[in-house]
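*Asks:* Those protein sequence lines, which keep their order, are chains A and B.
Going by our numbering, the first sequence opens with residue 1, and the numbers climb by one from there.
Going by our numbering, the second sequence opens with residue 1, and the numbers climb by one from there.
Check before you lean on any hint, since a few could be wrong.
Claimed, not checked - Taking lysine-lysine and the DSS-like style, the derived pairs with C-alpha atoms no more than 25 Å apart in a straight line are: (1) LYS9(A) to LYS42(B); (2) LYS42(B) to LYS71(A); (3) LYS70(A) to LYS101(B); (4) LYS71(A) to LYS101(B); (5) LYS9(A) to LYS70(A); (6) LYS101(B) to LYS57(A).
Claimed, not checked - Computed, partial: chain A to chain B, Cβ under 7 Å: (7) LEU43; (8) PRO99; (9) TYR100; (10) GLU102.
Treat the hints as calculated values from the structure; they're not laboratory data.
Just so it is clear, CB atoms sit at the ideal spot from N, CA and C, and this is done for glycine as well.
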Amino acid sequence: DGGITQSPKYLFRKEGQNVTLSCEQNLNHDAMYWYRQDPGQGLRLIYYSQIVNDFQKGDIAEGYSVSREKKESFPLTVTSAQKNPTAFYLCASTSSGSPYNEQFFGPGTRLTVL
Amino acid sequence: AQSVTQLDSHVSVSEGTPVLLRCNYSSSYSPSLFWYVQHPNKGLQLLLKYTSAATLVKGINGFEAEFKKSETSFHLTKPSAHMSDAAEYFCVVSDDSGTYKYIFGTGTRLKVLA
Chain A
1 DGGITQSPKY LFRKEGQNVT LSCEQNLNHD AMYWYRQDPG QGLRLIYYSQ
51 IVNDFQKGDI AEGYSVSREK KESFPLTVTS AQKNPTAFYL CASTSSGSPY
101 NEQFFGPGTR LTVL
Chain B
1 AQSVTQLDSH VSVSEGTPVL LRCNYSSSYS PSLFWYVQHP NKGLQLLLKY
51 TSAATLVKGI NGFEAEFKKS ETSFHLTKPS AHMSDAAEYF CVVSDDSGTY
101 KYIFGTGTRL KVLA
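The following block holds chain A by itself, in its conformation from the complex (with noise of 0.2 Å):
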């Protein structure tokens, strides 16, 4: 079955560490990006990538950052820099060439910091 899957499902963070989430898709999708949820906020754009070795920062970039090696995988890595971590982050992927196209997304990751 084609799809994307986050991992891992919940992870803990203590003060000053770097965790990186990982994102991989088998939907030979272009176009991968990552989201944060906080309640009542909705999603918000923390980085984009639309080709393999290139990405853009979203709306949230500040404290995280991102690679892209390889068409199917993304990992994001939340670091010390980012003062409030603790949300849902949701992966999502689209194949690129039309603004129709619809995203899928991942199960989430939740982040806490203890």
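Chain B: place on chain A using the hints.
*Replies:* Quick look at chain B alone, frame taken from chain A:
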């Protein structure tokens, strides 16, 4: 700049009664519009999308939405609510100016009363 406004943060309906979730958009171009559903601690699932082929769009689980350009609206409806419809719903517009970004509404939480 494109934007989307979900007019109600919470909606409560009784089981078996109609559902109406309201969404207004702002777009300089011909918009691409989507409705997604999210159950607690899960990823988002596409309900339906508007691709300019027809103004009345039918989706999964009995949901449909009507695109009204004159009112800049894309409201989601269902004739009869089921307990399993209780979830959060997001209206989304895609940025068709070439960035392949998606703009999310803040969400509407639907509660279905027995």
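*Asks:* Are the hints correct? Go through all of them and say.
*Replies:* Hint check results:
1. LYS9(A) to LYS42(B): Roughly 10 Å separates the two Cα atoms, so the pair holds.
2. LYS42(B) to LYS71(A): Holds, because 24 Å separates the two Cα atoms, which is no more than 25 Å.
3. LYS70(A) to LYS101(B): holds (20 Å)
4. LYS71(A) to LYS101(B): The hint holds at about 18 Å.
5. LYS9(A) to LYS70(A): holds (22 Å)
6. LYS101(B) to LYS57(A): holds (11 Å)
7. LEU43: Given a least distance of 4 Å, the restraint on LEU43(A) holds.
8. PRO99: Since chain B brings a Cβ to about 4 Å from PRO99(A), closer than 7 Å, the hint holds.
9. TYR100: holds (5 Å)
10. GLU102: Since chain B brings a Cβ to about 5 Å from GLU102(A), closer than 7 Å, the hint holds.
Consistency note: the structure conflicts with none of the earlier hints.
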